[in-house]
Amino acid sequence: MLTYITRRFLQGIVVLLAVSMICFFIFQFMGDPVITMAGRYATFQEQEEVRRAFGLDKPIHERYALFIWNAVQGNFGKSYVSRVPALGLILERFPATFELAACAVCIAFGTGLGLGVLVSLKPYALRNRLIMALSLGGISMPTFLTGILLIMIFSVFWQLLPSFGRGETVQVGFWRTGLLTVEGLKHLILPALTLASYQLAVLLRLTRAGMREVLTQEYIKTAWAKGLAPHTVVLKHALRNVMIPVVTITGLQFGELLAFSIVTETIYQWPGMGNLLLTSIYENDQPVIVTYIMLAAAIIITLNMVVDILYALLNPKIRYD
Amino acid sequence: MTERRIKSRLLWNYLHDPSALAGSLLLVLFITAAVAAPWITPQNPYDLTTLSLEHFLKPPIWMEGGLSPFLLGTDDQGRDILSTIVFGCRTSLIVGFSVVLISGTFGVLIGLMAGYYGRWLDVVTMRLADTVFSFSTTLLAFLLLGIMKHGGIGVVILAICIADWVRYARTMRGSVLEVKEEAFITAARAAGAGDLRIMFRHILPNALTPIFVVVAVDLAVVIMLEATLSFLGVGVPLTEPSLGMMISIGKNYIYAGMWWMIVFPGAALVLLVVGINLFADWLREELNPKIEKTGRFFHL
Chain A
129 MLTYITRRFL QGIVVLLAVS MICFFIFQFM GDPVITMAGR YATFQEQEEV RRAFGLDKPI
189 HERYALFIWN AVQGNFGKSY VSRVPALGLI LERFPATFEL AACAVCIAFG TGLGLGVLVS
249 LKPYALRNRL IMALSLGGIS MPTFLTGILL IMIFSVFWQL LPSFGRGETV QVGFWRTGLL
309 TVEGLKHLIL PALTLASYQL AVLLRLTRAG MREVLTQEYI KTAWAKGLAP HTVVLKHALR
369 NVMIPVVTIT GLQFGELLAF SIVTETIYQW PGMGNLLLTS IYENDQPVIV TYIMLAAAII
429 ITLNMVVDIL YALLNPKIRY D
Chain B
354 MTERRIKSRL LWNYLHDPSA LAGSLLLVLF ITAAVAAPWI TPQNPYDLTT LSLEHFLKPP
414 IWMEGGLSPF LLGTDDQGRD ILSTIVFGCR TSLIVGFSVV LISGTFGVLI GLMAGYYGRW
474 LDVVTMRLAD TVFSFSTTLL AFLLLGIMKH GGIGVVILAI CIADWVRYAR TMRGSVLEVK
534 EEAFITAARA AGAGDLRIMF RHILPNALTP IFVVVAVDLA VVIMLEATLS FLGVGVPLTE
594 PSLGMMISIG KNYIYAGMWW MIVFPGAALV LLVVGINLFA DWLREELNPK IEKTGRFFHL
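Protein sequences, first through last, are from chains A and B. Read in order, the letters of the first sequence correspond to residues 129 to 449 in the working numbering. Read in order, the letters of the second sequence correspond to residues 354 to 653 in the working numbering.
Think of the hints as simulated: they come from the structure by calculation, not from any bench. Do not take every clue at face value.
Unchecked claim - Simulated pairs of lysine to any residue, SDA-like, Cα-Cα distance not exceeding 20 Å: (1) B/K604 - A/V162; (2) B/K502 - A/P290; (3) B/K502 - A/F285; (4) B/K604 - A/V284; (5) B/K502 - A/I163; (6) B/K604 - A/I281; (7) B/K502 - A/F155; (8) B/K604 - A/L277; (9) B/K502 - A/L278; (10) B/K502 - A/V209; (11) B/K502 - A/I421; (12) B/K502 - A/Q287; (13) B/K604 - A/F153; (14) B/K604 - A/W286; (15) B/K604 - A/L289; (16) B/K604 - A/T407; (17) A/K206 - A/V284; (18) B/K604 - A/L278; (19) B/K502 - A/F153; (20) B/K604 - A/P290.
Whole structure, please, built from the sequences with the hints as guidance.
This is the structure we're talking about:
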């Protein structure tokens with residue numbers, strides 16, 4: 129097991145290095161940031177000054193080595209636009225994204241698993257067919273459309289909920305939270321529902337498929353035959369076995385969550401990391417983009433490792449050696 | 354059971370499944386409209402000579418202020434919404450089918466080789482696939498386009514393909530590993546067949562069944578992805594029609610109550626994807642090797 133963990137760890141570092149190299153070199157061919165920073169009408173001399181100030185005049189391998197050396201120390205350079213450290217800029221927006229994503233995952237998991245189990249018990253009941261039809265709509269509706277339709281219904285038409293920003297926030301230590309004020313919670317409802325909707329439909333369908341398969345197994349028949357209470361059979365014997373692959377898939381699809389949070393944050397002007405990333409892409413702010421990618425890669429790789437290791441520990445059938 | 358009977362049973366099931374029929378009917382409808390776009394639409398929304406700015410932001414024809422021939426109204430540039438939707442679906446379908454074809458071919462070949470040869474080839478390609486997969490198609494395509502940006506439809510297709518081949522490769526590899534153990538492969542090898550012949554003549558046709566399901570699901574996913582990317586402004590350029598871009602433009606006008614710029618393109622997008630998903634659902638039920646073991650090697 130220890131060898132397995134060590135190997136996965138080393139692989140993770142290799143992947144991170146590869147990611148850093150790819151984005152570093154792609155950026156060499158994509159536009160000159162000096163023009164962004166010095167302004168369109170800067171003289172040649174001003175441009176050269178900026179180039180020197182940001183170290184853009186050195187040869188490429190030197191800059192890459194410097195980039196890695198600084199990155200290891202948590203220094204990803206300064207944003208070309210706002211001239212503050214890129215990492216700080218992103219981390220400042222982390223709580224907003226985290227709160228949104230966490231709420232969305234909770235909604236998606238609770239509702240998706242619950243409805244999935246419910247539907248699998250009587251697949252042909254009218255109510256359950258209706259739920260399945262809705263879930264088909266759910267996986268066929270892109271997140272951005274869900275978001276805009278929710279705004280149209282709840283903010284424009286009924287004027288019930290706010291559609292813009294995070295509302296009132298409270299500073300708790302280094303964390304700025306919107307969960308402690310009524311306004312903050314009200315602002316959270318629509319974005320969280322938007323981000324949850326697609327994943328909810330996917331989870332529902334995964335759970336239903338898994339349950340339908342498990343419920344026909346011999347050990348479930350045995351459990352029924354023993355006269356166990358229905359909730360014991362369904363929740364303890366069946367759902368548990370369905371949960372492992374469902375949780376694994378969700379854990380491994382964390383990148384999807386990040387991607388959809390970019391969409392959601394853009395629609396609701398949510399002051400999170402995704403919103404910042406999109407603005408940076410429009411403004412060609414390379415340090416921020418690179419930092420976001422590296423941060424996302426690090427989180428995704430770590431999460432994958434944790435999921436794989438937990439999976440190996442939980443499932444005795446799988447042994448990695 | 355002979356192959357012929359199973360084939361006809363598949364067809365029979367298809368013809369007697371209302372949702373599969375409805376789904377494919379929707380898809381055929383969209384494809385026909387997209388192919389015939391220049392002839393059936395009242396206006397070519399990207400031909401500047403046919404646009405007239407005085408017709409901008411008109412509501413649908415049945416509402417007050419509506420104007421013939423703009424059945425579903427116009428956008429801020431005076432483009433007819435219905436025409437733009439038809440041309441936008443064209444882009445969606447071009448991107449969707451191109452990606453499925455290109456990344457499907459590459460993915461299947463990579464999965465086939467990884468599963469067949471095993472060893473380092475398997476380790477390297479599947480580690481790569483795992484990494485790409487965990488970034489997710491959406492995030493990877495978005496980041497690639499965010500870095501490259503402003504490229505045109507070709508670049509969008511390329512970026513999605515780079516992120517998307519892994520679905521096919523992983524499925525194919527799993528399927529190949531199963532088929533590889535079958536007796537007829539050993540028999541073929543004993544009869545002196547070479548690697549290439551075994552791979553393409555014996556394994557490929559028998560391992561392809563799950564790929565058909567992936568193709569159907571993937572088509573829906575890619576069409577939604579293209580819309581999302583265009584909505585975010587990193588997808589197809591402004592000069593090309595796209596459902597995602599239409600909705601992105603319409604977003605600026607929702608507070609003014611101009612719902613038709615969102616609702617109609619949105620409905621078109623959802624209907625198209627629902628159609629594909631209905632068909633994909635049916636195909637999955639039909640071909641699922643876990644539910645239906647006996648016919649696995651003969652389907653389709």
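Hints and how they fare:
{"no.": "1", "hint": "B/K604 - A/V162", "in the structure": "violated (33 Å)"}
{"no.": "2", "hint": "B/K502 - A/P290", "in the structure": "violated (32 Å)"}
{"no.": "3", "hint": "B/K502 - A/F285", "in the structure": "violated (36 Å)"}
{"no.": "4", "hint": "B/K604 - A/V284", "in the structure": "holds (12 Å)"}
{"no.": "5", "hint": "B/K502 - A/I163", "in the structure": "holds (17 Å)"}
{"no.": "6", "hint": "B/K604 - A/I281", "in the structure": "holds (13 Å)"}
{"no.": "7", "hint": "B/K502 - A/F155", "in the structure": "holds (12 Å)"}
{"no.": "8", "hint": "B/K604 - A/L277", "in the structure": "holds (10 Å)"}
{"no.": "9", "hint": "B/K502 - A/L278", "in the structure": "violated (29 Å)"}
{"no.": "10", "hint": "B/K502 - A/V209", "in the structure": "holds (19 Å)"}
{"no.": "11", "hint": "B/K502 - A/I421", "in the structure": "holds (16 Å)"}
{"no.": "12", "hint": "B/K502 - A/Q287", "in the structure": "violated (37 Å)"}
{"no.": "13", "hint": "B/K604 - A/F153", "in the structure": "violated (35 Å)"}
{"no.": "14", "hint": "B/K604 - A/W286", "in the structure": "holds (17 Å)"}
{"no.": "15", "hint": "B/K604 - A/L289", "in the structure": "holds (17 Å)"}
{"no.": "16", "hint": "B/K604 - A/T407", "in the structure": "holds (17 Å)"}
{"no.": "17", "hint": "A/K206 - A/V284", "in the structure": "violated (39 Å)"}
{"no.": "18", "hint": "B/K604 - A/L278", "in the structure": "holds (12 Å)"}
{"no.": "19", "hint": "B/K502 - A/F153", "in the structure": "holds (15 Å)"}
{"no.": "20", "hint": "B/K604 - A/P290", "in the structure": "holds (16 Å)"}
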